[in-house]
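Participant: The whole structure should be built from the sequences, with the hints applied where relevant.
Protein chains: 4
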Amino acid sequence: MKKVAIVGASGYSGEELVRLLLQHPRVELTAVTSRQYAGQKVAQVFPKFAHHPGAKALRFTEPNAELLAKQAEVIFLALPHGVAAEYAVPLLQLGCQLVDLSADFRVKSAAVYKEFYTHDHPAPELLEKAVYGLPEVYREQIRDASLVASAGCYPTSILLPTIPLLRDGLIKPTGIIADSLSGVSGAGRTVKLDYLFVECNESVRPYGFPKHRHLSEIEQELSLAAETAVTVQFTPHLIPVNRGILTTLYLAPANHFSTASELNELSEKVAACYKTVYADSPFVRLLEGEALPDTKNVTGGNFIEIAWRLDARTGRLIVISALDNIVKGASGQAVQSFNIMCGFSDTTGLV
Amino acid sequence: MKKVAIVGASGYSGEELVRLLLQHPRVELTAVTSRQYAGQKVAQVFPKFAHHPGAKALRFTEPNAELLAKQAEVIFLALPHGVAAEYAVPLLQLGCQLVDLSADFRVKSAAVYKEFYTHDHPAPELLEKAVYGLPEVYREQIRDASLVASAGCYPTSILLPTIPLLRDGLIKPTGIIADSLSGVSGAGRTVKLDYLFVECNESVRPYGFPKHRHLSEIEQELSLAAETAVTVQFTPHLIPVNRGILTTLYLAPANHFSTASELNELSEKVAACYKTVYADSPFVRLLEGEALPDTKNVTGGNFIEIAWRLDARTGRLIVISALDNIVKGASGQAVQSFNIMCGFSDTTGLV
Amino acid sequence: MKKVAIVGASGYSGEELVRLLLQHPRVELTAVTSRQYAGQKVAQVFPKFAHHPGAKALRFTEPNAELLAKQAEVIFLALPHGVAAEYAVPLLQLGCQLVDLSADFRVKSAAVYKEFYTHDHPAPELLEKAVYGLPEVYREQIRDASLVASAGCYPTSILLPTIPLLRDGLIKPTGIIADSLSGVSGAGRTVKLDYLFVECNESVRPYGFPKHRHLSEIEQELSLAAETAVTVQFTPHLIPVNRGILTTLYLAPANHFSTASELNELSEKVAACYKTVYADSPFVRLLEGEALPDTKNVTGGNFIEIAWRLDARTGRLIVISALDNIVKGASGQAVQSFNIMCGFSDTTGLV
Amino acid sequence: MKKVAIVGASGYSGEELVRLLLQHPRVELTAVTSRQYAGQKVAQVFPKFAHHPGAKALRFTEPNAELLAKQAEVIFLALPHGVAAEYAVPLLQLGCQLVDLSADFRVKSAAVYKEFYTHDHPAPELLEKAVYGLPEVYREQIRDASLVASAGCYPTSILLPTIPLLRDGLIKPTGIIADSLSGVSGAGRTVKLDYLFVECNESVRPYGFPKHRHLSEIEQELSLAAETAVTVQFTPHLIPVNRGILTTLYLAPANHFSTASELNELSEKVAACYKTVYADSPFVRLLEGEALPDTKNVTGGNFIEIAWRLDARTGRLIVISALDNIVKGASGQAVQSFNIMCGFSDTTGLV
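Chains as they are written, first to last, in the working numbering: chain A, 1327 to 1677; chain B, 1327 to 1677; chain C, 1327 to 1677; chain D, 1327 to 1677.
It is possible that some hints are incorrect.
One copy or any two copies: either way a pair holds, since identical chains are not told apart in the list.
[Said to hold, decoys possible] When the alpha-carbon atoms are kept at most 16 Å apart in a straight line, the in silico EDC-like pairs for lysine to aspartate or glutamate are as follows:
#1 Lys1382 / Glu1614
#2 Lys1367 / Glu1614
#3 Lys1382 / Glu1588
#4 Lys1537 / Asp1637
#5 Lys1537 / Glu1616
#6 Lys1367 / Glu1388
#7 Lys1367 / Glu1616
If you're looking for bench data, these hints aren't it; they were derived computationally from the structure.
Facilitator: What follows is the structure in structure tokens.
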């Protein structure tokens, strides 16, 4: 049993971490912090968990690094970017292992961080130490990490389908387009006019493009996979569902195809590429036949669905992925990294 | 052409007033006020109306009673209770006619107001002057009013089906139960955690019972109709739609019925009562045959649907009503009263 | 490990049974039948379960009683009423234990069945044998049952809050009103115009009243609790959520109350009644303080939330309950009964 | 006053035509046909219109070409493709003017029709006669047309933003990508499992790609604008809203840009192109400043919102459009063409 704490447990990914860690067979959840709810029981704040003995016993506390370091071996940070680093620095010094769900340690370059997040990086000395928390790609590094920077929701939906194709040279590193649709929980439990029910229901709209913050980690990781600088066109849209991201990727195969046999050959290569890379990845579902990703098949779980189509008319490869932005896109993925850090199987507490 | 202004035009009912008054054939909308949007054009703040020449020309201003009195003959107040009275006092003194959408002038008793709204009434001397803005009931009084206190959304859904039955002595004045379901716009454009998309979607919940503020006007009007003090059981629920109120009323017929012929006789009396009372009410739709109210048949319009069933097993009369809380429950009804004040037909600008 | 089969596994409650039984630690799911999907793998038909080894291995088959009796000890019937009985008769003769999710064996009287379901009961000789599958009320009888008639969704939301009050004589058996709101999955995976997205979204409507079929079991069970014939006013409404039932009950306390001290006294009695009766019921959540039921706190789980308020103005007791119509209202409750039949704890495989 | 009929008035676009034509100041709606509802009054089938005198008087009839030709001068066909042509042939011979909302006469080539709709064209001799019903592009031809093939919903969302840029040579005719999101009414009032509330709510999914039928008209019209064969990548997605299409277009500017001044120069050219072309198009809203299209700003009306962004990082032009698939994407656009055919202003009966 690992002693575990959550700092910032009152947002949507904090709440999901509470759910996952309360039911995790190898975890004792010893502390959850929230400035807003300090003093209240978890069962009060999240009636959904009221039946769980842990939720009845546990109370939210004010965050305090020294105390947390005594209470837990591994600490999840579910805080806004900028704030996460403030806790990461002392907690690492006090010997804790960290899984950070914020964007603070995802990019390797403090300059890139500043470009996209518009303030100086609060702890640049830790950037090298941090491991990018995408378990399907960095399992080995996560195993030995003391600081995991859990990958973002949009980035996960883009990187898992694209990295294998780039590594195998099946697609060109240029001209990549990612068109993403996200449920409203992606905005966090943020009390803003834009996220009121009436403003979101019966509405669909793009936002935050063409230079969304998540591009910093997306392009970093694709560039590493391609071994050349990759620039991505990324357009997120807000759609009226609670959860789920659906990403449509427009990719250019490295080799031209137009005949049926060329198409079949390429199709088999793509299939083989994915099957090989994800053979031992329990959360990656490669769809077959006519099946296409649908967010309703993944919400609530830590899975990503991936399907692809070759279009002989345009010469493009279109890949579609679907995941739950709060689970595989945030808290579930963080627990998956935690499992790897602890030597548990990926799926412990997640299926 | 009447010169008209709206004070507090940035909430949902304010926005709907803008829509209705911009397209009203007998209205020149000369001023709209909003502290938050002062200086901006209506077309910017409400892109929905961007094509309308009026919306392109008109800018939001800070509310100023003296200026408004020069700009408009009739002024709609779409302000929170308590605040509305602050504008009503000077505007009436300056000779304007007012249609107030708040609850400030709906009850006749300052004591009842204080009991339900928990603060002293800000202008008790105006209570007698005000006419309750339920056109189907108070058409004559509205015609000559200088201050119309437009009826609330839940009250309208309860009063229109119940008042005729009480007046005709068809139901007992005791034991009335109103169970209501409202869309989220009923909470106004209020930036609170409770009204975030993720908190409302895939959720249904009761709130504000057993003593909701709207009971003050509901019981006042039913008591007048029954000529005896009426107490009502009222339970509102929040449901994940933008607009619409559906109210289910549980009523006790004055005379017992159990045989088929007694049921038929009573059924004909109820039908005759409604048909007579609402013969000249263009916005009341009495459903026939198997048809039942559905909010989707009334949203966007100023109609109320009413249907009823007698239950021989329980001896009760069940009446169901549906309306759009922002139109017949607020802005449409206010415009209907305005039409009557101006000598226009009820439906001018509303169909 | 119990060998278990599901007959009619392609509807919403069938799908939920598959989910619950695949992850049940004491169950081996050996057969699932569906005329429509016979031959296809569970993983194909329900992509949501595609990761589960059981779903990859198991194929839907045509229903065949003799074969099923060889494959399973306990069989869940998730079939329409009328059809369920056709399978129940031979399966019981072949020695299987049955948990039937249909309405076929819920009422004790073949005449009442005919009155409400408008056809002769297909197997009246089994009615006496069947145990009503409401575990919080009939735990002892379920333990030894060979045929459990799992309680309906609306009935569960009404009976669990009402039976204890009637048994303790805290409320009158007359004048009970249940106003219920249900998500669209309550209609089953029924391909009808009424249940299309566009017909349900942004819509709220009553249906099937005043004499809904579920009244047959509701009144039967309340009459047993009250030891006198009970007639109930029940109005169901369809609301645009996938899952969840919220029921508002209007009840008349047996003793009049009006003073604060009478109210407090009665309030304590109600609280004590519920706490005593449900002390050992892991799925009943009695809400305290200001908390009110919300379907979003129960969807996905087997819990029922219950809260109550006394209204000194009207003299009524209002009780509100919330549950997931597919879990506590159908498949979860069926598994709970199964657990009791097998001597497992109620919560096995359900939390 | 024009005498007008609607053939196939029971689907979503048929219903919207009824709404628009009942309130059209220059139209007398003399006949509406529906096999399913023949004999019933419009007010019964569509309770939403129950207040309209026309809806109370008018009954659905069986479709009969000879009778229709006597009843109406202009006839709207709101029928499935393949079926529409069956009525078009005799009605044209009988001297009626037609506005066809189906896909039957949108493409000029019977071979292309067969390729995309998988059956022989039912009346190829009419293809040349038909005018493509996109009023902003073909106003002059529509004026004199006897057969208008009203443009499809997705095509309108793609063509209006793209055609001017191609005509002015501002973008390359190659590599065009259109990623579209549509509300469920786009599927029509089709009673299929896929469109049930529970299957669509809390779900997002792609469908019908990479070779959707609408590509036939999209590519035909873009090729005409570009004066070269254009192939388009088009991916439609189904999202849980009743109405609305949001399309994100990924376009390659004809001239490379990377510096700020090149970007500004191109930006001004794009703005000038749109402003010039759509100066007299009352339904095209070019958004300015920070504003981005949102389906909630266009649903219920005949407008299309268009905004664009240049991305110096990728060298692409991204254009976003939003419209109501049932109004500007179907019935509103059809009425707009009708207005032009009759010599009315575009906006008659539409604002």
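Participant: Next, verify each hint and record whether it holds.
Facilitator: Hint check results:
1. Taking the shortest Cα distances, Lys1382 and Glu1614 sit within 16 Å of each other only across copies (13 Å), while inside one copy they are farther apart (44 Å).
2. For the identical chains of this complex, Lys1367 and Glu1614 are inter-copy neighbours only, at 13 Å across copies versus 46 Å inside a copy, given an alpha-carbon limit of 16 Å.
3. Proximity of Lys1382 to Glu1588 under the C-alpha cut-off of 16 Å is found in neither arrangement, the shortest distances being 61 Å within a copy and 32 Å between copies.
4. Within a single copy, Lys1537 and Asp1637 get their C-alpha atoms only as close as 28 Å, which misses the 16 Å cut-off; across copies the closest is 8 Å, which meets it.
5. With identical chains, the CA atoms of Lys1537 and Glu1616 are at most 16 Å apart between copies only, with a shortest distance of 14 Å across copies and 34 Å within one.
6. Taking the shortest Cα distances, Lys1367 and Glu1388 sit within 16 Å of each other inside one copy (13 Å), while across copies they are farther apart (45 Å).
7. When the C-alpha separation of Lys1367 and Glu1616 is checked against a cutoff of 16 Å, the pair qualifies only between copies, where the shortest distance is 15 Å, while the shortest distance within a copy is 47 Å.
When each numbered hint is compared with the structure, a violation occurs for hint 3 only.
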